[in-house]
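J.: Generate coordinates for the entire structure from the input sequences, incorporating the hints supplied.
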Amino acid sequence: MRRTLFAVAAAMAVATVAYAGNQNDAGCGAGSLLFKDDSAPTQILAATTNGILLNQSFGITSGTLGCSSGGILKAEKERDVFIAVNYRNLSRDLAAGSGEYATSFAKLLGCDREAVPSFLSFAKEKYTALIPSEQTTGAEFLRNVAGQIAQDPVLSKACTL
Amino acid sequence: MLHYRRTWLGGWRSEAAGPEFFLSPRGRNDPQAELEATLAAFFDPPPPESDPKAQHPQCRFPARYRWLKEELAFDPDRLPEQPCRWFTPWRRSLDAASVSLVFAAAYLYNPSSLYGHTFLRLELPGHGESERLLDYTLNYAAVVSDTNGILFALKGLIGAYPGRYSVMPYYVKVQEYSHLESRDLWEYRLALDPKQIGRLVDHAWELGSTYFPYYFFSKNCSYQLLPLIEVADPERALTPAHPVWVIPADTVRRLVRAGRIAGVRYRPSHLTRMRARRRALNREESVLAAALVERPVQDGLRAAAALPPRRRALVLDAAEDYLLWKGGFSPDAAPEVRGRERALLLARGALDVPAAEPAVPEPAPPERGHQTGRLALGAGSVRGRRFEELSLRAALHDLLDPPAAYDPDQEMEMGHLRLRYDERARKLWAQEATLVRIVSVAPWDPWVRKPSWEVATGVATAQAPGREPWRSQYWDLRAGSGLAAETGLGRRELWYVLAEAAAGAGGVLRDGWRAGGGARAGLTVDLAPAWRARLEGRHLGYFLGDDRPEWVVGLTQHAALGKDLGLRLTLERHRRGAEAALAMLVYL
Numbered sequence: 000m001r002r003t004l005f006a007v008a009a010a011m012a013v014a015t016v017a018y019a020g021n022q023n024d025a026g027c028g029a030g031s032l033l034f035k036d037d038s039a040p041t042q043i044l045a046a047t048t049n050g051i052l053l054n055q056s057f058g059i060t061s062g063t064l065g066c067s068s069g070g071i072l073k074a075e076k077e078r079d080v081f082i083a084v085n086y087r088n089l090s091r092d093l094a095a096g097s098g099e100y101a102t103s104f105a106k107l108l109g110c111d112r113e114a115v116p117s118f119l120s121f122a123k124e125k126y127t128a129l130i131p132s133e134q135t136t137g138a139e140f141l142r143n144v145a146g147q148i149a150q151d152p153v154l155s156k157a158c159t160l
Numbered sequence: 000m001l002h003y004r005r006t007w008l009g010g011w012r013s014e015a016a017g018p019e020f021f022l023s024p025r026g027r028n029d030p031q032a033e034l035e036a037t038l039a040a041f042f043d044p045p046p047p048e049s050d051p052k053a054q055h056p057q058c059r060f061p062a063r064y065r066w067l068k069e070e071l072a073f074d075p076d077r078l079p080e081q082p083c084r085w086f087t088p089w090r091r092s093l094d095a096a097s098v099s100l101v102f103a104a105a106y107l108y109n110p111s112s113l114y115g116h117t118f119l120r121l122e123l124p125g126h127g128e129s130e131r132l133l134d135y136t137l138n139y140a141a142v143v144s145d146t147n148g149i150l151f152a153l154k155g156l157i158g159a160y161p162g163r164y165s166v167m168p169y170y171v172k173v174q175e176y177s178h179l180e181s182r183d184l185w186e187y188r189l190a191l192d193p194k195q196i197g198r199l200v201d202h203a204w205e206l207g208s209t210y211f212p213y214y215f216f217s218k219n220c221s222y223q224l225l226p227l228i229e230v231a232d233p234e235r236a237l238t239p240a241h242p243v244w245v246i247p248a249d250t251v252r253r254l255v256r257a258g259r260i261a262g263v264r265y266r267p268s269h270l271t272r273m274r275a276r277r278r279a280l281n282r283e284e285s286v287l288a289a290a291l292v293e294r295p296v297q298d299g300l301r302a303a304a305a306l307p308p309r310r311r312a313l314v315l316d317a318a319e320d321y322l323l324w325k326g327g328f329s330p331d332a333a334p335e336v337r338g339r340e341r342a343l344l345l346a347r348g349a350l351d352v353p354a355a356e357p358a359v360p361e362p363a364p365p366e367r368g369h370q371t372g373r374l375a376l377g378a379g380s381v382r383g384r385r386f387e388e389l390s391l392r393a394a395l396h397d398l399l400d401p402p403a404a405y406d407p408d409q410e411m412e413m414g415h416l417r418l419r420y421d422e423r424a425r426k427l428w429a430q431e432a433t434l435v436r437i438v439s440v441a442p443w444d445p446w447v448r449k450p451s452w453e454v455a456t457g458v459a460t461a462q463a464p465g466r467e468p469w470r471s472q473y474w475d476l477r478a479g480s481g482l483a484a485e486t487g488l489g490r491r492e493l494w495y496v497l498a499e500a501a502a503g504a505g506g507v508l509r510d511g512w513r514a515g516g517g518a519r520a521g522l523t524v525d526l527a528p529a530w531r532a533r534l535e536g537r538h539l540g541y542f543l544g545d546d547r548p549e550w551v552v553g554l555t556q557h558a559a560l561g562k563d564l565g566l567r568l569t570l571e572r573h574r575r576g577a578e579a580a581l582a583m584l585v586y587l
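Protein sequences appear in the order of chains A and B. Heads up: the first sequence begins at 0 in numbering that gives the first Met the number 0, then just goes up one per residue. Heads up: the second sequence begins at 0 in numbering that gives the first Met the number 0, then just goes up one per residue.
One or more hints might be untrue.
Claimed, not checked - Straight-line distance between alpha carbons at most 27 Å, and here's what the computed DSS-like set of lysine-lysine pairs gives: (1) A:LYS125 / A:LYS156; (2) B:LYS194 / B:LYS68; (3) A:LYS76 / B:LYS52; (4) A:LYS73 / B:LYS52.
No lab work stands behind these hints: they were computed from the structure.
T.: Structure, rendered in structure tokens:
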């Protein structure tokens, strides 16, 4: 219980201090809302722990996260926040060429439903170009995706990005 | 729509506490005044353009406006409809085609999650089933600012925290519950038509402006979803009139019973899937998967290369699951973790084997478990003296209660009162009044590495020999830590041993108190689908205060006679003598 509350207090401090964050934060503190610490035992959710809403970022008429309003993400920030929260699951799905995260990401890229299978196999094939190293940040990854899609004859038409 | 409830004196009171929810100063207690003030306010002139957050009353209360407009047939020439700069874009983003109630299973490591959690998912029309992550959720939670544990508990119990509604993408919730907290999710599709859904979303905007007092036990996350669904579908009364406590599973039961559920989907947690993936591996492959995470990854990859592609893919998938569990899900995980992960993902990507969902046996959904409360009536004897016993338990589950829809290796009791009546002496007393007891005896898992533990406090009866039990009550507090293991000699056995520390205070104790430690060991056996037995021994030596030790050895058997009916036979030997009791249990 103490650990939870310590994390609560720490998370509050993080969330209320400027969203300087890090490069994986979508520029609006989205990542820091969830990940306090990268080691599994102390990973305790910062922003919402069911019965507890630790900060008002997602409040309906009060919430502003910099990237959202009333909890709805601003269109230009949708991809960034998705990546900030789901980067690990997403990169896993992309490497394997299938999965919920990759499919949802294709949707965020504006790809037509029929083009999704092409996107998935494209992602698997071009994985090292999309994520060149384990230090690739979310922002770099998104740039790589845009660049690679532009060069792909099918996807450059099917995904409006 | 205004959340009015009848008060004990026959008047009305809205549960909404924020003044911004009412247009009349008497609005909270006077529905008529609020209605009149609302209608009058709809005629207000448009707010100044300069303030982007200023809203016209029609926009602040869109659900009220739309409903009154239809009921009273507003004439647009006489009552002009105002544009809503702030509400309209928000509403358009949430033009849901369907709504689901999502239930997150209980989580023992956070007091506010002990009974699980529920929230709503607004499913957008452009999203297919594989894009549900992009849907938005509607959540009710307490806004907490205290870091003091006692204050936190106290304020939560008396409704001192404000509860607010919030909206966020579903993938945030999935990351939180499924990955970080390893909680299974159940998605219940609600039977609502588009108009009803529209009303629900409109009303959510209205609720967003205000707050409600948050009571952990009664007016909590779960309770506050019911009025929202009721606004959508007023024909069915869902909200309990005066709830003493509402737990999320009960909310699901209500909705199922009212026929409001159109379908249910199970979303296993990351931990559940990891275990399922590991189960699909043979012994060697399982060791290899662990080595890929715990040992130098290149060695593991070399060994994996010897496997046929299909098996190699399964091993790599299990290893990645384990790595995420161990190293965390953060994009900023340690470089060692990220490097290892890259090696695993590249090896996986090189295989032409499609990713497969692990075969997870679907457990019983939460509403199929036994009811939350329990009443037991029994009779027995201790040392030849006959007694009757009445047991009342508010919540929730012990190791012998029917396990369906509950974790079979967890015990969670709150508010358990046992009254005993000694026939010869004609005395009635509280044998036990447990405030809370939580026991987790999950079998040791080399990948999960969570020890067993327990914590309990409440009034208990000391074993003081020579003193009547009705004069032996004291306050007990205990905590323990240990290990558990499971075997499959028969159907299933759970073996556990816990080292315990205990303290007590009460008049029955010499010097008024005691503190000490000991151990508890036991075995739970599933003898048949409806028959469970537990053999347990416990010894506590007290070193401070009253140093008389206590011990008990017992065999308890439970036969389930139906989902909510059971029979329990207890045979025990302790310092007061030999005790036997037979009881009939009803879950309600």
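J.: Evaluate each hint against the coordinates.
T.: Do the hints match the structure? See the list:
For the suggested pair LYS125 of chain A and LYS156 of chain A, the alpha carbons sit about 18 Å apart, so the restraint of at most 27 Å is met. For the suggested pair LYS194 of chain B and LYS68 of chain B, the alpha carbons sit about 14 Å apart, so the restraint of at most 27 Å is met. Between LYS76 of chain A and LYS52 of chain B, the direct Cα distance comes to roughly 21 Å. Compliance with the 27 Å bound is thereby established for this hinted pair. Our distance criterion of 27 Å between C-alpha atoms is met by LYS73 of chain A and LYS52 of chain B, whose separation comes to about 17 Å.
The earlier numbered hints are all upheld by this structure, with none contradicted.
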